[in-house]
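A.B. asks: Given next are the chains, with one letter for each unit.
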Amino acid sequence: MRRVYLTGELPIPLSKTLAGPFALFSRNRHVINSRVPDNAIRIDSLFKSFPPARTGWRAFLQPFAASTSPALRNVSLEVKQGESVALLGTNGAGKTTLLRILATLLLPTSGSAVIAGHDAVRDPGAVRSQLGYHAGSDLGFYARLTGRENLHFFGRLNHLADSQLRSRIPELAERFELQSALERQVRALSSGMIQRLSLLRAMIHEPKVLLLDEPTRSLDAIAAAEFRSFLKSEVLKRRGTSLLFASHTLSEIELLADRVAILNEGELVALDTPANLKSRSGATTLQQAFCRFTGHSARALEEPVPS
Amino acid sequence: MMRALRDLLLFFQRDLRIASTYRSPFVLEIVEALFGAATFYYVARFVDSPELKQSLPHGTTYFAYSLVGFAFFDYLHAALDSFDRSLEEARDTGTLEPLLVTQVPLPVIIAGSAVYPFLATTLRIAVYLGWGALLFGFPLHSANWLTVIVVLLATLLAFSGMGILSSAYLLLFKRGNPAKWFLLSVSGVAGGMLFPVSILPDWLQLVAHVNPVTYALDAMRSALLDGASVLQIARPLSILLLFAVILLPLAMATFSWALRRTKITGTLSHR
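These protein sequence lines are chains U and G, in that order.
Just so we're aligned: the first sequence equals residues 1 to 307 in the numbering used here.
Just so we're aligned: the second sequence equals residues 1 to 271 in the numbering used here.
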């Protein structure tokens, strides 16, 4: 006999969870998230809308169109110094939009995003000096330059001196096991190596905050495991870097995240430790908890009920 | 064999579909071809015309006249093209976003990306003129190099504004370059590249007189072929600088606005 965990089986219907025992996923950020000192990231009442996509001749008006399609709705959260927070949500939930606002690649419609004390809208230059951003793709390098030349170029753009780069690049490359990539053109590297190279680039200026968008997306299982292990040991423990990352891989989230922010259709519906998320939703796995909080299909969550 | 041809056709159809989603380049390229044809028409007409000697600066051969025009147009092309080409390449190779999260602002990234093309073009022009002097009697000995450098700098300033405006257009509309189209196509006819504007119909002469290319070419020919001093080319030089004073701040403001819009619409790195 199998039991199916459906939204309707939540202790309280999802629509009423905002005020009930699920108040942790309330829209009230003070309930979701008690204020913590020394925030690396502080996001307050963030809204982001995009103009609807236009086609044909009407596409000419796209740059001037009003933003009417919401991507983020009243998102508020904080990430402490040295903390690792995962963004969990389905495609289109707003994870990448949130990361891109923090990376100063997008402007929010309203609300504020502050990184290491600097406002992402008012002071984007200062924000960029404090963050490293890895978009999770294996693009973004000059294919005909070597790994070292690429890292040196981007390091210089982050205002690092030649002498700093001369020592830092080999040191980081050794930790990332990328020594062989330094002297090879990027076009000759594997996806996994480029991913690690991209993470190395994001960290080369020793940022206080690291933003990663699906960092193991194009890695094989072994490379992904090594990558996570590296993030855990080097980035989080050794350097104390604050990490905000988006991922669909729940094992990755459970390994790396101190807390998990669940986004659903642009809204932050839950923010807590993986253990608390599971216990509060009566779930045994993070996947179940995610489905219960978001009301998404639980078909994949079928599991036998003990007789 | 047939399979390969069918595959080729599929690729052609795919690319045609993609291209047809960008409407403006089609129109611009059609009109550009019209201006290109007009250019050659007027070249032929001028070469056959008795106006040749009286229209050219004193002692100048048509070869020297047209070589300066051709070489200088290459430079103009670089000024107009480098900014948006660097932006386009960064977008296409995926390096735009990694660049934008560095501590260098986008205008600097774009301007920096234009330095090499400018220098390469300067070198290429030097080679054009060098071959001309070495093999075909181009009168390099009569050039006033100080004035040449001043004219090049003024031209760079005047046309970079158009190049930056063009980048702003590219940011917003993703493809097409109307500033480049306008200046290169219209200037091919009404800019004095290969024939003097005096042989044009009145209405095209009017266009030529509001076209900064005309003044830039006048100044460059005077400096290279007549050995004119900076003072002697004060008029075209001041007009070029006026264009720069008006266009550069306007272009920077437009670019900043376009950048902000793309960050609002989320289309910054879209192709």
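It is worth saying that the hints were derived from the structure and are not from the lab.
Where hints are given, some of them may not hold.
Not everything, but these chain U residues come out facing chain G in the computed CB check (under 7 angstroms) [stated by the list, open to error]: (1) Ala103; (2) Leu107; (3) Arg128; (4) Ser129; (5) Tyr133; (6) Leu139; (7) Phe153; (8) Asn158; (9) His159; (10) Leu160; (11) Ala173.
From the derived model, a few chain U residues whose C-beta atoms are all more than 12 angstroms from chain G [claimed, not checked]: (12) Arg42; (13) Ala53; (14) Phe64; (15) Thr97; (16) Leu105; (17) Val127; (18) Gly132; (19) Leu157; (20) Ser180; (21) Ser279.
Label-pair distances were calculated between CB atoms; the ranges are [claimed, not checked]: (22) G/His209 to U/Ala188: 34 to 44 angstroms; (23) G/Ser256 to U/Pro170: 51 to 61 angstroms; (24) U/Arg239 to G/Arg124: 45 to 55 angstroms; (25) G/Leu231 to U/Glu171: 55 to 65 angstroms; (26) U/Arg239 to G/Gly130: 50 to 60 angstroms; (27) G/Val115 to U/Lys237: 34 to 44 angstroms; (28) G/Val47 to U/Leu145: 42 to 52 angstroms; (29) U/Leu145 to G/Ile199: 34 to 44 angstroms.
Yeah, the Cβ is synthetic: ideal placement off N, Cα and C, and Gly gets one too.
A.B. asks: If a hint holds in the structure, say so; if it does not, say that too.
C.D. replies: Here is how each hint holds up against the structure:
Of the supplied interface hints, the one on U/Ala103 holds, with its beta-carbon coming within about 5 angstroms of a beta-carbon of chain G, less than 7 angstroms. Contact between U/Leu107 and chain G, as hinted, is supported at the beta carbon level, the nearest pair being about 4 angstroms apart and thus within 7 angstroms. Nearest Cβ of chain G to the Cβ of U/Arg128: about 5 angstroms, under the 7 angstroms cut. The hint holds. Of the supplied interface hints, the one on U/Ser129 holds, with its beta-carbon coming within about 5 angstroms of a beta-carbon of chain G, less than 7 angstroms.
Taking 7 angstroms as the C-beta cut-off, the interface hint given for U/Tyr133 holds, the closest approach to chain G being about 5 angstroms. Proximity of U/Leu139 to chain G holds as hinted, the smallest CB-CB distance being about 3 angstroms (cut-off 7 angstroms). The interface hint given for U/Phe153 is violated, since its Cβ lies 9 angstroms from the closest Cβ of chain G, which is over the 7 angstroms cut-off. Because the smallest distance between the Cβ of U/Asn158 and any Cβ of chain G comes to about 5 angstroms, under 7 angstroms, the interface hint for this residue holds.
For U/His159, the interface hint holds, since its Cβ comes within 7 angstroms of a Cβ in chain G; the closest pair sits about 5 angstroms apart. With a least beta-carbon distance of about 10 angstroms to chain G, the hint placing U/Leu160 at the interface is violated under the 7 angstroms criterion. Checking U/Ala173 against chain G: minimum C-beta separation of about 18 angstroms lies over 7 angstroms; hint violated. No beta-carbon of chain G comes within 12 angstroms of the beta-carbon of U/Arg42; the shortest separation is about 19 angstroms.
Annotated as non-interface, U/Ala53 brings its C-beta within 12 angstroms of a C-beta of chain G; the closest such distance is 10 angstroms. Not every Cβ of chain G is farther than 12 angstroms from the Cβ of U/Phe64; the closest lies at roughly 8 angstroms, contradicting the non-interface assignment. At roughly 7 angstroms from the closest C-beta of chain G, the C-beta of U/Thr97 falls inside 12 angstroms, breaking its exclusion from the interface. For U/Leu105, the condition that its CB be more than 12 angstroms from all CB atoms of chain G is violated, with the nearest at approximately 6 angstroms.
Not every CB of chain G lies more than 12 angstroms from the CB of U/Val127, the least distance being 9 angstroms, so the non-interface label is violated. With a cut of 12 angstroms on Cβ distances, U/Gly132 falls inside the contact zone with chain G, its closest approach being about 8 angstroms. For U/Leu157, the requirement that its beta carbon stay farther than 12 angstroms from each beta carbon of chain G is not met, with the minimum near 4 angstroms. The non-interface label for U/Ser180 is consistent with chain G: the shortest C-beta to C-beta separation is roughly 22 angstroms, beyond 12 angstroms.
At roughly 37 angstroms from the closest C-beta of chain G, the C-beta of U/Ser279 stays outside 12 angstroms, upholding its exclusion from the interface. Taking 34 to 44 angstroms as the suggested C-beta distance range, the pair G/His209 and U/Ala188 does not conform, at roughly 55 angstroms. A hinted range of 51 to 61 angstroms is violated for the C-beta pair G/Ser256 and U/Pro170, which are about 39 angstroms apart. As the Cβ distance of U/Arg239 to G/Arg124 is approximately 48 angstroms, the hint placing it in 45 to 55 angstroms holds.
A hinted range of 55 to 65 angstroms for the beta carbons of G/Leu231 and U/Glu171 is consistent with their spacing of about 59 angstroms. Checked against the hint of 50 to 60 angstroms, the pair U/Arg239 and G/Gly130 passes, with Cβ atoms roughly 56 angstroms apart. Taken as a hint, the range 34 to 44 angstroms holds for the pair G/Val115 and U/Lys237, whose Cβ atoms sit roughly 43 angstroms apart. Under the hint 42 to 52 angstroms, the C-beta atoms of G/Val47 and U/Leu145, about 48 angstroms apart, fit the expected range.
Hint check: U/Leu145 to G/Ile199, Cβ distance near 50 angstroms, so the stated range 34 to 44 angstroms is violated.
Hint compliance for this structure: hints 7, 10, 11, 13, 14, 15, 16, 17, 18, 19, 22, 23, 29 are broken, all remaining hints hold.
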